[in-house]
Every structure is written in structure tokens, then in C-alpha cells.
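Please put together the full structure from these sequences, using the hints given.
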Amino acid sequence: MLNINIAVISGKGGTGKTLVATNLAPILKANYIDADVEEPNGFIFLKPKVIKTYKVKTSIPKIDQVKCQQCYKCIDFCEFNVLAKAQDKILVFDKLCHSCGGCKLVCEYDAIRYIKKEIGHISIGTYKEIECRQGILKIGELMAVPLIEELLSKLKNELNIIDSSPGTSCNVVSTLSYADSCLLITEPTQFGLHDLKRAVSLVRKFKIPFGVIINRAMKGNDLIEKYCQTEKINVIGQIPYDVTIAKLYSEGKLLIEQEKYKKEFTKLGKIIKEFLLCNLQS
Amino acid sequence: MKIIITAQGKEKTSLMDARFGRCQYFHVYDYDKGFIKAIENRANQATGGAGIKAANLILKEKPDVIITSDVGPNAGYVLKNNEIKVFVSDLKKVSDVFADFKENKLEEISI
Numbered sequence: 015m016l017n018i019n020i021a022v023i024s025g026k027g028g029t030g031k032t033l034v035a036t037n038l039a040p041i042l043k044a045n046y047i048d049a050d051v052e053e054p055n056g057f058i059f060l061k062p063k064v065i066k067t068y069k070v071k072t073s074i075p076k077i078d079q080v081k082c083q084q085c086y087k088c089i090d091f092c093e094f095n096v097l098a099k100a101q102d103k104i105l106v107f108d109k110l111c112h113s114c115g116g117c118k119l120v121c122e123y124d125a126i127r128y129i130k131k132e133i134g135h136i137s138i139g140t141y142k143e144i145e146c147r148q149g150i151l152k153i154g155e156l157m158a159v160p161l162i163e164e165l166l167s168k169l170k171n172e173l174n175i176i177d178s179s180p181g182t183s184c185n186v187v188s189t190l191s192y193a194d195s196c197l198l199i200t201e202p203t204q205f206g207l208h209d210l211k212r213a214v215s216l217v218r219k220f221k222i223p224f225g226v227i228i229n230r231a232m233k234g235n236d237l238i239e240k241y242c243q244t245e246k247i248n249v250i251g252q253i254p255y256d257v258t259i260a261k262l263y264s265e266g267k268l269l270i271e272q273e274k275y276k277k278e279f280t281k282l283g284k285i286i287k288e289f290l291l292c293n294l295q296s
Numbered sequence: 609m610k611i612i613i614t615a616q617g618k619e620k621t622s623l624m625d626a627r628f629g630r631c632q633y634f635h636v637y638d639y640d641k642g643f644i645k646a647i648e649n650r651a652n653q654a655t656g657g658a659g660i661k662a663a664n665l666i667l668k669e670k671p672d673v674i675i676t677s678d679v680g681p682n683a684g685y686v687l688k689n690n691e692i693k694v695f696v697s698d699l700k701k702v703s704d705v706f707a708d709f710k711e712n713k714l715e716e717i718s719i
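Respectively, the protein sequence lines represent chains F and C.
Going by the numbering used here, the letters in the first sequence line up with residues 15 to 296, in that order.
Going by the numbering used here, the letters in the second sequence line up with residues 609 to 719, in that order.
Hints listed in this document are in silico derivations from the structure and should not be mistaken for laboratory results.
One thing to keep in mind: the hints can contain errors.
Here are the simulated lysine to aspartate or glutamate pairs, DMTMM-like style, with alpha carbons at most 25 Å apart [unchecked claim]:
| no. | chain 1 | residue 1 | chain 2 | residue 2 |
| --- | --- | --- | --- | --- |
| 1 | C | Lys-668 | F | Glu-122 |
| 2 | C | Lys-693 | C | Asp-672 |
| 3 | F | Lys-103 | C | Glu-691 |
| 4 | C | Lys-668 | F | Glu-93 |
Chain F regions said to be covered by chain C (calculated; three or more residues, Cβ under 8 Å) [to be verified]:
| no. | segment |
| --- | --- |
| 5 | 37 to 51 |
| 6 | 105 to 119 |
Keep in mind it's a predicted model, so treat the numbers as computed, not measured.
C-beta: ideal position from N, C-alpha, C; glycine also.
Listed below in C-alpha cells is the structure:
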């Protein structure tokens, strides 16, 4: 039994992370975790029965304007420019705060304490026999990482498929730090290749086994294969450029509800398992 | 009255910089005496909150007026709380922008 976390990342957005993750999770009997907390959409397809929802909070500074002597040490210290001077007080831009606690440490007048602020919530549900979790960042909030950390640090010791944010931002870095292996989803376009390269250079820093899945694959287009060959990266699978897939996806349906695609994903799931078993042992 | 204008370079002949938080330099003017100095904007490389950092930086000069072409909501909030007026101008030489200001040709924006 594989008890590991597989992160599904992409570089470019819209290449099919959620398509792969939501269809693969039931096939592999893996839990589905939507860590794309800025716009989670996996639950649209899996439609899990949500059994639990809880709020996620972070800490932000609160200035006691009476105790504050306007020495501005906290402002000079803050790396994230959360604090600013005003005529008789200190302004707090709490959305930029990384909750590092530094401002409180440098304050000599005990004028700063930390208070809790809600940044989003986590929902837990079930689809058939698998567990589904998603983090949802509150609209207007900027700091997704604390929410991703809360989501991914509490995963069960089972096979988990983590649907990541696109790009190579802090959100993806945070997701990868909880991953034992990684699937990179891309498409055979120049944009797909460009961002795949960035994603590869990021995932290599984590020294975890990874492979590429080419979505919207077209006969005669070997843009991604050529790159993967040169870089000695495994192409684990291909999903064809197919109007039926696009239609089913646009209707919020899982592909594996159709026998034809269920077969394909079962095959893909088997290859992934074999790939992981080979590479995780070595 | 002290006036600060965002600038693309440190020379008096530099063009105004359209951005506030990520401008290259701030030119400090005295309403009567004219150009005083140019300050490098150390906030312009900030990964986030450049506008707030830039505002903190120029507050040390105690300006009465900022002239630029765009101020973001965060920087604007800091300036407003320090009772600094914000005027906007088209992209011109900083010295011409200052001349326009003295001739009341510039528009003050409310934040």
C-alpha cells in the first residue's frame, strides 16, 4: 500500500491539474485534496458529501496606540511592509502580514500584541470511499500559504492526491514541501512548454520523483516529448485533445463515469503506481 | 511648502515616473526655493507593499504635497492619514511638472 502524497502541479494554468487529480483519485482510491485555495474547483466534479467545515485563522499585529511611543522600530523591522506611519498612530495593512512576530519582538514599549484573524476555511467530505478536502481562501485575503499548510499538515497517512495552484509561486512551493512525488501536467503549446520548464526547475529542488502527463495531446506534435527526452524526464501518460472530454468537463462531470475514459484512467493509474514504486524505493 | 515628485532619474531634467511605490527617485522641491535634492526610492524592489514602504520613506521628508500619476490604495491610505495632498500630472520633465504645480495647472485627487 502506498501511503504517500502526490502533488499535481503544472506551471501553466488550465492545463488539466484538476481533470487529472479528480479522475485519478477515485481510480487509485486516493484521497483528493484541493490545495488550489484561491480557486478550488475539484468539488464541482467529485461532488463530495461535506461532513465538516472549519475556519482557519492566522495572527496579525494589533497596536496599542496609547502604549506606542512612535519610535517606528516595528516599521523599520517589517520585511513585508505591513506597518506605516500616520500622524498619531501606526497603520496596519494586515493582509500583507506573514505573522512572523518580529514587530512584537522589537517593540520596547509592549505596545504590540497578536490577534487572530480568519483567512479562510477547510471543508472535508467523502466521495464513495475516498476522502475529499479543500481549502478556500476568504475573498480579499492574500496569504494563502498558512491555509495550505493547515490543509496539508493534517492529511491522513494514506495515499493523497494534492491538486495544486498553478504557477511556481509560494503556494506551489508550500504544496511541494508536503509532497513525496509529483505529477506535472502540461499541454503541447509554447506556453505549456515554457511554464513546464519553470515547474521542472522548481520540483527538482525538492529531489522527489516526478513525471509528466501531456494533456490535449495531438498526433504529430512532439514539442513536450522532445523536451522531456533531452531532460530525461518520464512522460507517464497522455490525454488526447478530444471535444468529448472538454464537453464533459464543462458540464462538471467526471470522465471516469464513462467506460471509455475509466479504462484510460485505470491504465494511467497503474502506470503511475508502477512508476512510484520503482522510483520511491531507489 | 515641501513638494515631492516621482522621477525616473536623479537629474533635474529627468522625466516624471508614472508610478509612486516603484518609481526610481523622489525629487524634493521647496515651493519658493525650487529643487532641493533627489532621493533614491529603496522601496521599488520590494516584493510586496512597495507603495507602503515608499510612503514610509518619504514621510521622513515631511512633504505637504506628492505629485505623480498614480497612487495605489495602500500608499494612498498612508498619505491620506498623514494629511499629504496628492496631485497628478502627465508624464513630463520633473522641472516642468513643478512649474505646472506652481501655476495651479495640476489636479488634486481625493483618496
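Hint-by-hint comparison with the structure:
1. Lys-668(C) / Glu-122(F): Holds - the C-alpha atoms of Glu-122(F) and Lys-668(C) are around 21 Å apart, at most 25 Å.
2. Lys-693(C) / Asp-672(C): Status holds; Cα separation ~6 Å.
3. Lys-103(F) / Glu-691(C): Judged against 25 Å, a Cα distance of about 13 Å means the pair holds.
4. Lys-668(C) / Glu-93(F): holds (19 Å)
5. 37 to 51: Since three or more residues must qualify, the claim that chain C covers the segment 37 to 51 of chain F is violated, with 0 doing so at under 8 Å.
6. 105 to 119: Holds: 3 residues of the segment 105 to 119 of chain F have a Cβ under 8 Å from chain C.
The structure fails hint 5 only (numbered hints given earlier).
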